[in-house]
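Asks: So the protein sequences, as listed, match chains A and B. Read in order, the letters of the first sequence correspond to residues 474 to 1031 in this note's numbering. Read in order, the letters of the second sequence correspond to residues 62 to 333 in this note's numbering.
Just so you know, the hints here were simulated from the structure itself, not pulled from any lab data. Any given hint could be a false lead.
[Claimed, not checked] Pulled a few chain B residues facing chain A out of the computed Cβ check, cut under 7 Å: (1) 272; (2) 275; (3) 297.
Every residue gets a Cβ at the ideal spot worked out from N, C-alpha and C, and that includes glycine.
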Amino acid sequence: MTSANEEKSPSSLPGGMRPVSLPFLLLIALLVFLMAPAHAADNEVHFSNEFSYTYNDITGPGGDDSSSLTRGFRYLNLFGFMGNGTVRELEYNFNIGFKATDDRRNDVATFSPTTIQGRMTNKIHTVNAGDTFESFSQYSLSTAVKGASYRYFNEQKNSPEITMVYGYVLPRWDTIWGGIETRAIERTAYGMRIKQNFTPNIWAGLSYVQAKDRPGTRLTPTDPIYDSNNYTLDAEYRPIPGLTFRGEFSTSRTTMSPTSLTAQNEERTHGTASRIEAVGEGGPSRVSLEYERVSTEFQSILGAATPDREKIKSRWRYTMAKNILLNLGLLWFRDNLDGQKAYRTDSYTPEVGFTFKNLLGRQAATADLAYKYDRKFGAGNGSGISTADHIATLNYRDTFGPVDSDANVGYTIYSTERDMRQAKEYTYSLALNSRHEINEAYVIKPVLYLGGMTSRDDLALETDQIYEYSFGMGFEFLKLKLNSDFRIGQNVLEKSAAGTDNSTKTFGSFNIYYKPPFLKKFNEGMLFLRSFVNDFRFSTQSRSFRENSITLGVNLQY
Amino acid sequence: MKGRKMSRKIIAGIFCIASFFLVGLIPGPVVLWAASAERPEDIRLEYLYINKKMIPETEKKVTFFSELLPGGRVSVAGKVAGSAEVRSVEVNIDGRRTWQKVRLAQDNTFRFRFRAQKGETYGLLIRITDAKGNTNNIEGTLRLVAILDRSLYGAVQDVLNRMIEVYQRRASGSFMAYVDDSFAGEKEEYDRSVRKDMSAIHDVDIRYTLNSVTPDYKDKVSASLNFNRSYTLIRTGRRLNDQGSTAMIFRIGNGKLSLYAVNGPPLFGFIR
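Using the sequences provided together with the hints, build the complete structure.
Replies: Written out as structure tokens, the structure reads:
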């Protein structure tokens, strides 16, 4: 998302197009075009289009500030064009999607491509262009890019698997060609990976990735700009069936410029991250043990890692009896690895859980009972204050005659030392639903939901109460291919603290989905109507508002 | 400090117990392997891969999305255990009607591929015959290979809708069932963030538009989406709303999706 006081990109051209985008776009377009089925023998091509037109009405004094709807008539069109097939030895698939809307709550742009992707492979060489997702390893690359990748792997010869990827790490396609609403920091990603299967039970991979931000594309002067390189080695070994060892080691060299406001402001860091995991599966048990250490200065711009963390994690799942499963887990982690912080935080989270199936001889009954103790010493706020939370949950699912039930109960105690927080919380919910078929022509599906939460602050002596209840009914007219449902209900918040608002939301919704015969050739195209009313009432009446929304649409697929 | 020391002791104790169980697992398969090696008349598979995923004996059903099958085919690779001479390996996927002989390499490994149809489930059986004409326990090799009828795009929508539903109901346990054990950024930390939301906000309404769903053709899929979120902050009783774009990475395991990472503003666990 962008803001009004953006830093002007020095290389921006009128209209927002940047010169670097042109060859990139042409390359992507060429690659996707080459993957299109020119003389294909065995092809499937589909398109889908969903058009909807919505009228939103917002009334009441609080509507402008609080409603999440856009007033008036709004349209939304989602178009997709996809295909796959084989041309001689080449398998290909492509997928192109566009969105058009004038509802700024849905999208900041009126017209935008949502996906552009093409892939072609002959089982040895694989080329992907457009939306490209290559996941190398946790620390190196697990981010989708808008670019291209190439992979070489000859399974018959057990060759090394070589993958190369290049692209922009951008949230959307139209960021590339500019526009003030869709701007983002221009981050380029390069990556290469070589993986070798030494035996069916041992493999190792070597990855290099670079993430580089273009300084001129800062949205605000204080946006950090990164230039980061990661070198990663990961491997897996299965010494015997059921036992797996995995490991990963990565080193990063990062240059970070925190602001454009001062001239000399680059910070150079060099960090390492490593983790090793053992997973054992045998008979009724599955045990995993993991150790990880990520140094304070390690950066994983395109992967995932939490810097300044040492961690041990273990988990044991044990089938105690045919219908009883035990879950034991423990997580410990700490920060301040380099001793630079005033306080170190240690976090311990042991947990235990049981799953009971066929409880009390009931075939459909399943109960999950879990307890977690969340203990932190020096709770990470630099004050050395510790917290101790107890969390207990129970989930029970069962079928009583024609009624399926799902019940949840939770109890949490929050405790922060030096009387900073002492609180209790109770949550509860019950969902009942049923399905009744009449003469193989009609189906009725009633749904009932009851839920709530009570939160008690023992220091402030305040209580918050939440009640939620709703009733709904679904109808299916099988011969007409018409489905419909309605739901009505109320969510209530009652607070005891002075100067705060109680609120009640009364809501109702009504939907119809119809597949008329004249749309049958469009893969049973569908007409739909969706409508809802949300009426919010607050103690402070100037915050109250009401939303009415009705949407008509058509969905076609071919 | 005393509490910290005590907690460390508890942690160390639990870690030792867990290690014991892990080590305790090792002898089981080793003994089985050693026992089978002493009895060459036992003919069995050393390992079995389906679409490059190792399938243990305990896993009787594997599920795939048809759009992720290379060339629409399921590939099977395996190895016959031991060094005894093997006369043939045959594979069946049509309820024992037709057995297809597969080529056996010198190291007793074999490969087999078959075209799989969307919505079908295949019962894969492997018959190994040694030089004396003995065969393996064929039923023991049974693996059900199911090919899902739905698309990956639809599966991402389904899991997002279910996550939103249980999030709205404050069912934190049910919500975390959709989060992968190897969640990048720590599953327990994510659980803490989500529970914080559930304590702090009420009457959450989330609408989203799924923009792109991009698989890595191994075991993950990246989904990018725009969202529009409104909620009541319990502390003040005020109604707030926001919107944004984010990307969520899901791990694909046996036809099911579980959240593996979030690249961008969090859709859940966003209250600070």
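Asks: Compare the structure with each hint and give your call.
Replies: These are the hints, each one checked on the structure:
no. : hint : in the structure
1   : 272  : holds (4 Å)
2   : 275  : holds (4 Å)
3   : 297  : holds (6 Å)
Hint violations for this structure: none, all hints satisfied.
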